[in-house]
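S.K.: Start from the sequences and build out the full structure, keeping to the hints where you can.
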Amino acid sequence: MVFLTQKDAKFVEAVFREYYNKNVDKVYTPEKIDEREFGYFPFSEKIMVRHLYFDTEEKLKDFLKKVVPLHVYHSAAFYRYPSAPMEEKEWLGADLIFDIDADHLRTRCRREHDFKICPECLDVYGREYERCIKCNSQLIEVEWVCELCHEAAKEEVYKLLDFLETDLGFQKIKISFSGNRGYHVVVTDENIRELGQLERKEIVDYITGTGILFEYLGLNIESKKKMRITRNWPEVTDPGWRSRIAKSIVKLVIGGELEEIIELPGEKKIIEKYSDILREFSEKWSEEIVWDSIPTPLLKILGKAALEYSSAKIDVVVTSDIHRLIRLGNTLNGKSGLIAKIIDIDELEIFDPFYDAVALPMDREVKIRVVKTPRFKFSGIEFPEYRNEVVKLPLPVAVLLISKNMATISNVS
Amino acid sequence: MATASSIPVKVKYPFLPEAREEYRSRGFTLKDFDDPSLKPIVDRAVERVINAIKFGENLDPWKISEDDFTEIASFPLAVVLVAKVGDNFLKKRFALTEVSMIQKRLMNEREEDRVKLILEIAKNFFKMDVEYGELPPPYTFTIGLVDYLKLASKFNDPAWKLVNRIVVKGRVYVEDRELIRLIRDKLEEHVIKNIEEAEKEVTVLPKTLEEAVRIIKNNLPERKIEEESIQMVSRPEAWPPCIKTIYAKLVSGESVSHFANFMMASFLLNTGVSIEDIVSIYSQRSDFNVRIARYQVEHIAGMRGSRTKYITPSCSKIRTNGLCIENGRLCGNVKNPMTYYKRRLREVIKSDKDKDEFPGKRREASS
Numbered sequence: 173m174v175f176l177t178q179k180d181a182k183f184v185e186a187v188f189r190e191y192y193n194k195n196v197d198k199v200y201t202p203e204k205i206d207e208r209e210f211g212y213f214p215f216s217e218k219i220m221v222r223h224l225y226f227d228t229e230e231k232l233k234d235f236l237k238k239v240v241p242l243h244v245y246h247s248a249a250f251y252r253y254p255s256a257p258m259e260e261k262e263w264l265g266a267d268l269i270f271d272i273d274a275d276h277l278r279t280r281c282r283r284e285h286d287f288k289i290c291p292e293c294l295d296v297y298g299r300e301y302e303r304c305i306k307c308n309s310q311l312i313e314v315e316w317v318c319e320l321c322h323e324a325a326k327e328e329v330y331k332l333l334d335f336l337e338t339d340l341g342f343q344k345i346k347i348s349f350s351g352n353r354g355y356h357v358v359v360t361d362e363n364i365r366e367l368g369q370l371e372r373k374e375i376v377d378y379i380t381g382t383g384i385l386f387e388y389l390g391l392n393i394e395s396k397k398k399m400r401i402t403r404n405w406p407e408v409t410d411p412g413w414r415s416r417i418a419k420s421i422v423k424l425v426i427g428g429e430l431e432e433i434i435e436l437p438g439e440k441k442i443i444e445k446y447s448d449i450l451r452e453f454s455e456k457w458s459e460e461i462v463w464d465s466i467p468t469p470l471l472k473i474l475g476k477a478a479l480e481y482s483s484a485k486i487d488v489v490v491t492s493d494i495h496r497l498i499r500l501g502n503t504l505n506g507k508s509g510l511i512a513k514i515i516d517i518d519e520l521e522i523f524d525p526f527y528d529a530v531a532l533p534m535d536r537e538v539k540i541r542v543v544k545t546p547r548f549k550f551s552g553i554e555f556p557e558y559r560n561e562v563v564k565l566p567l568p569v570a571v572l573l574i575s576k577n578m579a580t581i582s583n584v585s
Numbered sequence: 012m013a014t015a016s017s018i019p020v021k022v023k024y025p026f027l028p029e030a031r032e033e034y035r036s037r038g039f040t041l042k043d044f045d046d047p048s049l050k051p052i053v054d055r056a057v058e059r060v061i062n063a064i065k066f067g068e069n070l071d072p073w074k075i076s077e078d079d080f081t082e083i084a085s086f087p088l089a090v091v092l093v094a095k096v097g098d099n100f101l102k103k104r105f106a107l108t109e110v111s112m113i114q115k116r117l118m119n120e121r122e123e124d125r126v127k128l129i130l131e132i133a134k135n136f137f138k139m140d141v142e143y144g145e146l147p148p149p150y151t152f153t154i155g156l157v158d159y160l161k162l163a164s165k166f167n168d169p170a171w172k173l174v175n176r177i178v179v180k181g182r183v184y185v186e187d188r189e190l191i192r193l194i195r196d197k198l199e200e201h202v203i204k205n206i207e208e209a210e211k212e213v214t215v216l217p218k219t220l221e222e223a224v225r226i227i228k229n230n231l232p233e234r235k236i237e238e239e240s241i242q243m244v245s246r247p248e249a250w251p252p253c254i255k256t257i258y259a260k261l262v263s264g265e266s267v268s269h270f271a272n273f274m275m276a277s278f279l280l281n282t283g284v285s286i287e288d289i290v291s292i293y294s295q296r297s298d299f300n301v302r303i304a305r306y307q308v309e310h311i312a313g314m315r316g317s318r319t320k321y322i323t324p325s326c327s328k329i330r331t332n333g334l335c336i337e338n339g340r341l342c343g344n345v346k347n348p349m350t351y352y353k354r355r356l357r358e359v360i361k362s363d364k365d366k367d368e369f370p371g372k373r374r375e376a377s378s
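Chains A and B, in that order, are what the protein sequence lines are.
Taken in order, the first sequence gives residues 173 to 585; the numbers are from the working numbering.
Taken in order, the second sequence gives residues 12 to 378; the numbers are from the working numbering.
No wet-lab data here; the hints were simulated from the structure.
Mixed in with the good hints, there may be bad ones.
[Stated by the list, open to error] Think about it this way: if two alpha-carbon atoms lie no more than 30 Å apart in a straight line, the pair counts; the simulated DSSO-like pairs of lysine-lysine are:
hint, chain 1, residue 1, chain 2, residue 2
1, B, Lys180, A, Lys346
2, A, Lys445, A, Lys472
3, B, Lys138, B, Lys165
4, B, Lys180, A, Lys373
M.R.: Shown next, in the form of C-alpha cells:
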C-alpha cells in the first residue's frame with residue numbers, strides 16, 4: 173500500500189476530492205489533448221491505469237472530479253488512436269521531455285533525512301535495514317526533500333536550460349515542478365516532434381556529455397606529453413562544450429571544488445600530489461588558463477571532473493522514451509499533496525516548492541501522529557523536529573507527512 | 012580528362028529539376044526508344060547500369076558521354092531499366108554508384124560553384140535547413156539541429172556524434188565535405204525512390220528496352236552465400252546479439268560501419284570461418300568489391316600488412332562504437348564477444364548431444 177494505513181488513504185483521497193471539485197479549472201490542459209494518452213494511479217491499488225483518452229478539456233476535468241486520482245499523467249506523444257493498445261496507437265510525434273530528480277543527485281543531505289519505517293510498529297530504521305526487528309514486516313522507505321535537495325535540482329535545471337537554449341536553440345520550453353523532488357522540462361518546438369529514439373538519444377548524450385571525445389575539445393589527454401604542444405585548447409569564449417569545459421576547469425581549480433567531485437581514491441592521490449601546483453594555478457588563472465603548464469595526469473582528472481561538473485543530470489531513460497507519460501501540470505502529486513506547478517522561467521529562481529506549490533488550505537488543522545521529521549519551513553512557518561508524537565498541523569502539512577509515510581491519521585487519540 | 016567546371020551542371024547532376032526539364036521538354040515516351048536514332052541513349056543507359064555493377068563506388072565520375080543530352084537522358088532511362096530488372100542488390104548498387112559520383116563531382120567543383128550547388132541541392136531541392144556563412148575554419152555551413160540529427164545519428168563514427176560537434180543556437184557547424192556526405196544519403200534515398208516509382212509506373216517496355224534489361228540481367232554477378240559452410244564451422248546460435256545484428260544487416264545487403272565490418276570479420280575468423288566464406292558474406296553489400304574485401308579480410312587474419320592477427324574488439328570498444336545491444340543486458344557480464352561465444356557454444360554442443368541421445372533412448376523405451 174502507498175500509505176501507512178487504509179484510513180490514511182481514505183483521508184488523503186477525501187482531501188484530493190474536495191480539491192478537484194473546487195479547483196479543477198486550475199488543471200493544465202496539454203496541447204492537442206485529443207491526440208494524447210492519459211494514465212493515472214488510483215488510491216485503491218498500486219497499478220497504473222493507462223490508454224485513456226479525452227477529446228475535450230471538459231471531459232478530462234469531469235474525469236478528475238469523478239475518479240480523483242492519486243497521480244495523473246499524459247503522454248508526451250501524440251497518437252492517432254490514443255486509447256488503442258500500444259502497437260495500434262499510431263505514433264504521430266512527441267514533445268521532447270526532460271526529468272530532473274533530486275533523487276538522482278548525489279546530495280549529501282540525503283543520508284541525513286531519509287530513513288525507513290515499519291508500517292506496523294511505526295519504528296524508525298536506518299536505510300540499510302530491510303525488515304522490522306520486532307515484527308519482521310517489510311520496511312517502507314521514507315524520502316524527505318529538504319531545501320538543499322530542491323536547490324540541487326534547480327541547479328541542474330539551469331544547466332539543462334543553458335544546453336537547450338544556448339546550444340540547441342529551442343524556443344518553446346515549459347518548466348514545471350514535479351510536485352515532489354524535481355522538475356520537468358518540456359520542449360514543444362514543432363520540428364522536434366518527429367524525432368525518433370535514436371535522435372533523442374543524441375540530445376541526451378549531448379546534455380550529459382556522454383561519448384564526448386576530449387580531442388574534439390582541443391584537450392588531447394590520451395596522448396603523450398610531447399604531443400600536446402600544438403593542441404587547440406578550449407577557451408571560455410568558445411561555443412558549446414568547449415567553453416563549458418574551460419569555464420568548469422577554472423571554477424574547479426579556483427573555487428577548490430575539485431576534491432568534492434573526485435571520488436576515486438587513485439585520482440584523489442593525484443590531486444594531493446599536485447596540490448602545490450593547483451594552489452599556484454588558482455592564484456594565476458583568474459585571467460587565463462595556462463594549459464601548457466598542466467601536467468598530463470592532472471589534466472586528465474580536470475577534464476573528467478569538468479565534464480561531470482558541466483553536464484546536466486537528467487534521467488536519460490525518460491528523454492529517449494518516445495511513449496513516456498509525464499505528470500499532468502497543475503495537478504496534485506500523491507507523494508506530497510503539493511501541486512505539480514507549471515513555472516515561468518523567470519520565477520524559477522525564487523520558486524520555493526514548500527511555499528509556491530502549496531495548494532491545500534493552511535487554515536484547516538488536522539491531528540496526526542508524526543513518526544519522525546526533520547525541522548522544516550512550510551508556507552512561511554517554521555516547524556520543529558517531531559518524534560513519535562500527536563500534533564495538530566495545518567492540512568497541507570498533514571497531507572505532506574502522511575503521503576510521505578512519516579505520519580498517520582490513525583492512533584491519534 | 013573532363014573537369015568539373017567544363018561540364019554543364021545538368022549533365023553532372025542529372026537528378027536536378029533543370030536536367031529533368033530538358034529531358035521532358037523533348038516529350039519522349041518509352042516507346043520512342045525503339046527508334047534507332049535514340050540508340051546512343053539506350054546504350055549509355057545500359058552502360059551506366061553495368062558500370063555500377065562492375066565498379067560501384069570506384070566508377071570514374073568523369074567518364075561520361077560526349078553528347079550532353081545523351082548523358083542527361085540516360086539517367087532517367089537507366090532508372091527505368093534498373094526498376095524493370097527488379098533486383099534489390101542492383102537497386103542499391105546503382106543508387107550508391109550514382110551518388111558516389113555526385114559526391115566526387117561536388118568535391119571537385121571550384122569553391123564558389125560548390126557552395127552554390129550545395130545550397131541548390133540541399134536547400135532548394137531537398138528543403139534542408141542549411142545556411143552558408145562566415146564561420147570559424149574549417150566550417151563553412153550550418154545545418155539545423157533536427158535535420159542534422161535525422162541524417163547523422165545513424166553514423167557510428169564519434170566525429171558525427173552531436174556531443175562532439177559545435178552547436179550554436181540550434182545550428183550545427185559542418186565542413187563542405189561533411190555536408191556533402193549528409194546530402195549523399197538524401198540523394199541515395201531519392202534515387203531509390205525514383206526507381207521504386209518507376210517499378211510501379213512502368214508496365215510494358217518496348218522491344219529495345221526489353222533487350223536492354225536482358226543484357227543487364229546477364230551482367231548481374233552470381234551471388235551465392237556460403238551460409239551453410241559458415242554454419243558448419245561457426246555456430247550462429249551461439250553468437251552474441253551484437254554479431255547477430257550486424258550479420259542480419261550484411262546478408263540483407265545493408266551497409267554497416269567500418270568498425271562493424273572489422274568486428275564481424277575478426278569475430279568470424281576467430282570462430283574458424285574461412286576467408287572465402289567471410290568474403291562471400293560481404294558480396295551482398297551494394298558497394299562490394301571482391302578485391303578490396305579479400306584484402307581487408309586477409310589483413311585482419313594477419314596475412315598482410317603488419318602481419319598482426321587481430322583479435323575481436325572488446326565489449327567496451329563495441330559499446331563506444333554504439334554497436335552494443337541493450338548495453339550487454341543479454342550477455343551476462345562478458346568483456347569480449349568471444350567469451351560469450353565460447354560459453355554459449357558449450358551449451359549448444361551439449362544440447363546437440365542431448366538431442367542426439369534422447370530420441371534414441373525414447374525409441375528404445377517405446378519399442
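S.K.: Which numbered hints does this structure break?
M.R.: none
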